[in-house]
Amino acid sequence: MTVDPPEPRRPTLDETIHHPTRLAVVAFLSACDEAEFATVRDSCEVSDSVLSKAASALEAAGYLDIRKGYVGKRPRTWLSLTPDGHHALTQHIAALQDIASTARSAGARAAGATTDGSDRQTAV
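Numbered according to the numbering used here, the sequence shown spans residues 1 to 124.
Among the clues, some could well be false.
Below, computed lysine to aspartate or glutamate pairings styled on DMTMM-like, alpha-carbon distance capped at 25 Å [as the list claims (entries may be wrong)]: (1) LYS68 / GLU45; (2) LYS68 / ASP33; (3) LYS73 / ASP48; (4) LYS53 / GLU34; (5) LYS53 / ASP84; (6) LYS53 / ASP65; (7) LYS68 / ASP48; (8) LYS68 / GLU34; (9) LYS53 / GLU36; (10) LYS73 / GLU36; (11) LYS53 / ASP14; (12) LYS53 / ASP42; (13) LYS68 / GLU36; (14) LYS68 / ASP84; (15) LYS53 / ASP33; (16) LYS68 / ASP42; (17) LYS53 / GLU15; (18) LYS73 / ASP42; (19) LYS73 / GLU34.
These are calculated hints, taken from the structure and not from any lab test.
Whole structure, please, built from the sequences with the hints as guidance.
Shown next as C-alpha cells:
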C-alpha cells in the first residue's frame, strides 16, 4: 500500500488583519511605539468611525493596545501594537510573499515555452 505524501501546507493569511483598513493600521503602527488616534486615522485615510471599528477588532484579537488619556483638558487616544500584533503582521507578510512566489513559479511553469508573440508568455 502506497501512501501519498502530504500536500505542502498552504500559507495561512490572518483573517483579522487581512482586511485592508486593519492591515493599514497594523502596518503603520509596526513602525512606531505608539501613535495618536488622529495620526493613524489621517495616515490610513479613513474616518473616525472606520478606524474605531478596526481598532476594536484588533484589540479584541490581542493585536492592539488602546490607551486613553488627556493632553491638557482634551481627551486623546493612543494606539500601539502588542507583541502578538507584531508577530501576526510578520507572519501575514510572509504568507503573502509565499503565495505570490508560488503563483509566479506556477505561472512560469505553466507558460513553458509557449508565447503569443508579445513579451509575456501565455499559459495554456
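Quick rundown of the hints versus the structure:
1. Of the supplied pair hints, the one linking LYS68 and GLU45 holds, its CA atoms being roughly 22 Å apart against a limit of 25 Å.
2. For the proposed pair LYS68 and ASP33, the alpha carbon gap of about 15 Å is at most 25 Å, so the pair holds.
3. For the hint linking LYS73 to ASP48, the alpha-carbon distance of about 20 Å falls within 25 Å, and the restraint holds.
4. For the proposed pair LYS53 and GLU34, the alpha carbon gap of about 18 Å is at most 25 Å, so the pair holds.
5. Distance check on the hinted pair: LYS53 and ASP84 sit about 19 Å apart at the alpha-carbon level, within 25 Å; holds.
6. A threshold of 25 Å between alpha carbons decides the hint, and for LYS53 with ASP65 the separation of about 14 Å falls inside it, so the pair holds.
7. A hinted pair counts as satisfied when its Cα atoms are at most 25 Å apart, and LYS68 with ASP48 qualifies at roughly 15 Å.
8. A hinted pair counts as satisfied when its Cα atoms are at most 25 Å apart, and LYS68 with GLU34 qualifies at roughly 12 Å.
9. Distance hint between LYS53 and GLU36 is fulfilled; the C-alpha atoms sit about 16 Å from each other, no more than 25 Å.
10. Among the hinted pairs, LYS73 with GLU36 is consistent with the structure: their alpha-carbon atoms are about 16 Å apart, no more than 25 Å.
11. At roughly 17 Å between alpha-carbon atoms, LYS53 and ASP14 fall within 25 Å of each other, so this suggested pair holds.
12. For the hint linking LYS53 to ASP42, the alpha-carbon distance of about 15 Å falls within 25 Å, and the restraint holds.
13. Between LYS68 and GLU36, the direct Cα distance comes to roughly 10 Å. Compliance with the 25 Å bound is thereby established for this hinted pair.
14. Our distance criterion of 25 Å between C-alpha atoms is met by LYS68 and ASP84, whose separation comes to about 21 Å.
15. Simply put, LYS53 and ASP33 have alpha-carbon atoms about 21 Å apart, close enough for the 25 Å limit, and the pair holds.
16. Simply put, LYS68 and ASP42 have alpha-carbon atoms about 18 Å apart, close enough for the 25 Å limit, and the pair holds.
17. A distance of roughly 15 Å separates the Cα atoms of LYS53 and GLU15; the hinted pair therefore holds under the 25 Å criterion.
18. A hinted pair counts as satisfied when its Cα atoms are at most 25 Å apart, and LYS73 with ASP42 qualifies at roughly 22 Å.
19. Taken as a hint, the LYS73 and GLU34 pair is honoured in the structure, with Cα atoms around 21 Å apart against an allowance of 25 Å.
Taken one by one, the earlier hints all hold for this structure without exception.
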